[in-house]
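Chemist: Chains as they are written, first to last, in my numbering: chain B, 62 to 147; chain X, 199 to 780.
Don't read these hints as lab results, they were simulated from the structure. Some hints here could point you the wrong way.
[Claimed, not checked] Computed list of lysine to any residue pairs in SDA-like fashion (alpha-carbon distance at most 20 Å, straight line): (1) X/K223 / X/L233; (2) X/K277 / B/V127; (3) B/K87 / X/L240; (4) X/K338 / X/S315; (5) B/K98 / X/K736; (6) B/K87 / X/L247; (7) B/K87 / X/K250; (8) X/K736 / X/R704; (9) X/K236 / X/I260.
[Stated by the list, open to error] Going by beta-carbon spacing under 10 Å, a handful of chain B positions derived as facing chain X: (10) A80; (11) L82; (12) V84; (13) L86; (14) K87; (15) G93; (16) D111; (17) A112; (18) D118; (19) G124; (20) Y125; (21) V129; (22) L143.
Think of the CB as a built atom: it goes at the ideal place given N, C-alpha and C, for glycine as much as any other residue.
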Amino acid sequence: MDRDLKTIEVDIRGQMCPATLLVALKNINEYGGDIRKGSMKLVFKTDNRDATVTIPDSAANMGYAVNVEKTDNFYSITIGALDARE
Amino acid sequence: MLESNTDNPSSEDYRRLLAENKELKEKYGNTVSYLRKKIDQLLLVMGTLPLKPEELDDSTLIELDPIGIIAGSFDQVLKHLHTTNDNLQIARDEIKAIFDSAGIGILVLDNRMRVVSYNKKQRELFKTDPEAVSGEECYKVMCGADDMPSVCTFRRVMKLKRPVHLRNWKFNGRLYDVAGTPIVDKHGEVARVVLAYMDITDRKRAEEELARVNKFEAAGIFAGGIAHDFNNLLTSILGNISLAKTLVSPKDRIAEKLNSAESASMKAKELTHKLLTVAGVTEPQKKKISVPNLIKDATVLAMSFSSAVCEYKMQDGLWTIDADEAQLRQVIHNIVVNACEAVTGNGTIKIRAENISVTDGDPLSLEAGPYVKITIEDNGSGISEENLPKIFDPYFTTKGMGSRKGRGLGLASAFSIIRSHSGSMAVSSRSGVGTVCSIYLPADAHSGEATDGQTRIAGRAIVMDDEEIVREVAGDMLSLIGLDVSFALNSDELINAYKNAAVSGRPFDIVIMDVNIPEDGGAERAISGLLAFDPAAKAVVSSGNPNDKIMVNFERYGFAGALTKPFKMSEITAIMKRLGVG
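Here chain B stands alone, though its shape is the one from the complex (with noise of 0.2 Å):
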């Protein structure tokens, strides 16, 4: 079902913690509403280990479903509406 789902990609490759977080919670204030609408969801490319924390943390108080994978060599860091959580 999430495949429909309108999808932005945030590369925050490089970047150390905390401009990662500040960046992720950038983007999560612009497109909270329409997430929270369950029409889009964020993703965040990252190859900070700190960040897999306290982006998922942060989210999760805002209210939304976080849900991290690694990859070969970054992690995805994956912000949806809450009621659209497995």
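With chain B fixed as given, assemble chain X onto it according to the hints.
Modeler: This is chain X only, laid out in the frame that chain B set:
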């Protein structure tokens, strides 16, 4: 750096500007440093690391606007918290509704056994004021004790740290199943204990009632199995005693011994019938009965050997009941005998009879309608709480065995009889205070009576029975009262003999037949053949089981009467007289 052209006023200005510039740089540095400090503070609140100066230079920092970003995020965090709080409130309301509408009592305690909360049902269980239980120890408000009791669900939950069940907990005269469940905090320690009290008193009673019915059924199979053979033996014994008595003078010592033997045999007959009654094999032979007379007759007999006093209180205009007089007499007799044995010295037995109207939804499971309620109350030793549930069990007795002691069938048969009359029976008792036994019987508005008698008879009789012993005794007895007796072993023999006798001009005046002839069709086949030949034929059906369907409804099958084995001479005489034989 620029250096001085000292006398030049513009140099003065330049120096001042330099100083101002330095001051401004310092102020800017302080402001940025303040901003970094506050941003770090906010980042820490967000759960992340402080900003490193090398990561973002001052101008990028201002451009990125971290405070604006974090403020936006906080706004979302707050909105989410509000939504979560609203959802929590709904969940709390849901739990509260379930909590209060639950049919079981729920009590929540903290880990020091103090009351935290409880539901509406639980309020009924507190021994103290429900408004003042919060914060009090459970044992004070529930058990009314000063200390923790030895059997305590809370204590077990705290010790085992897992759910526990306490079954059949007696509390305030009722029975409960108690479930204790721990609520564990994040450190694995018990923070709360939830106790749920389920009242199982009514369920337990229903189970006991069912078990009792099952016992009756088991007794029925047993009793039914032996009744037939036992009664045939008794028929022979009683019949031969009756015959032997006619051979000796009533003043002879042999007659005295025969009377004793007859009396013992009659007791054996009563015992068989009691067994059949307990088993529910017997259907009551109902007729209209006046309750006061029956109660007084049965009571006087039951109290023959007692020094207790009996007080009667019969309602004027008491309704009559449709019942089996002998069975009901036995019920009253059994209960009054028990009452007499319970009272010592100058005890009092109060017997009341009154009209009552039962409405739908009666707790005794009676159908709506008019009833006569008979109450037999004594001020005797009472029945212990432990024994009370067993009093209707067959073979349960506290009287010990032996002569004039109990066999444990008195109340069991009374209960069975009342049930077979579509009535109900309840016993309440307190040890050392006394016992109240209440009987409810469906009532009627009209009444009637009946009579009995005996003489010597002349005429012809034919007896159909497959048991030689029965044929022999019945033949002797019928001969003795003056009848000319023939025999038949089965339906064919009977019908042929009856036809031949009629054709020869010496017809049979009376036919007596066993209800059940194996592999023959029995009395049912015989009577239909007989009536087909002679619709006016007088036939009496005979069986050891007075509650056999043909015995109870003999008229419907075409019989003129029914005779219960073992029979006495007086019973045969009476039925012959009633049928106008001889």
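Chemist: X/K236 and X/I260: Cα distance at most 20 Å?
Modeler: 13 Å, holds
Chemist: Is the interface hint for B/Y125 satisfied, with its Cβ closer than 10 Å to some Cβ of chain X?
Modeler: 8 Å, holds
Chemist: Holds or violated: is there a CB of chain X closer than 10 Å to the CB of B/L143?
Modeler: 9 Å, holds
Chemist: Need the status of pair B/K87, X/K250: alpha-carbon distance at most 20 Å?
Modeler: OK: B/K87 and X/K250 at ~19 Å, within 20 Å.
Chemist: Using Cβ atoms only, decide whether B/G124 comes closer than 10 Å to chain X, and label the hint accordingly.
Modeler: Holds, because the Cβ-Cβ distance from B/G124 to chain X comes to roughly 3 Å (cut-off 10 Å).
Chemist: Would you settle whether the hint for B/G93 is holds or violated, based on the nearest Cβ-Cβ distance to chain X being less than 10 Å?
Modeler: 6 Å, holds
Chemist: Holds or violated: B/D111 as interface residue toward chain X, Cβ cutoff 10 Å?
Modeler: 7 Å, holds
Chemist: Hint check: X/K277 vs B/V127, CA-CA at most 20 Å. Holds or violated?
Modeler: Distance ~18 Å between X/K277 and B/V127 Cα, so the pair holds.
Chemist: Are the Cα positions of B/K87 and X/L247 separated by 20 Å at most?
Modeler: Holds, at about 17 Å.
Chemist: Should the hint that B/V84 touches chain X count as held when the rule is a Cβ pair under 10 Å?
Modeler: It holds, given that the least Cβ distance between B/V84 and chain X is near 8 Å, below 10 Å.
Chemist: Holds or violated: B/A80 as interface residue toward chain X, Cβ cutoff 10 Å?
Modeler: It holds, given that the least Cβ distance between B/A80 and chain X is near 6 Å, below 10 Å.
Chemist: Holds or violated: X/K223 with X/L233, Cα cutoff 20 Å?
Modeler: OK: X/K223 and X/L233 at ~15 Å, within 20 Å.
Going down the numbered hints, you'll see the structure goes against 5, 21, while the others check out.
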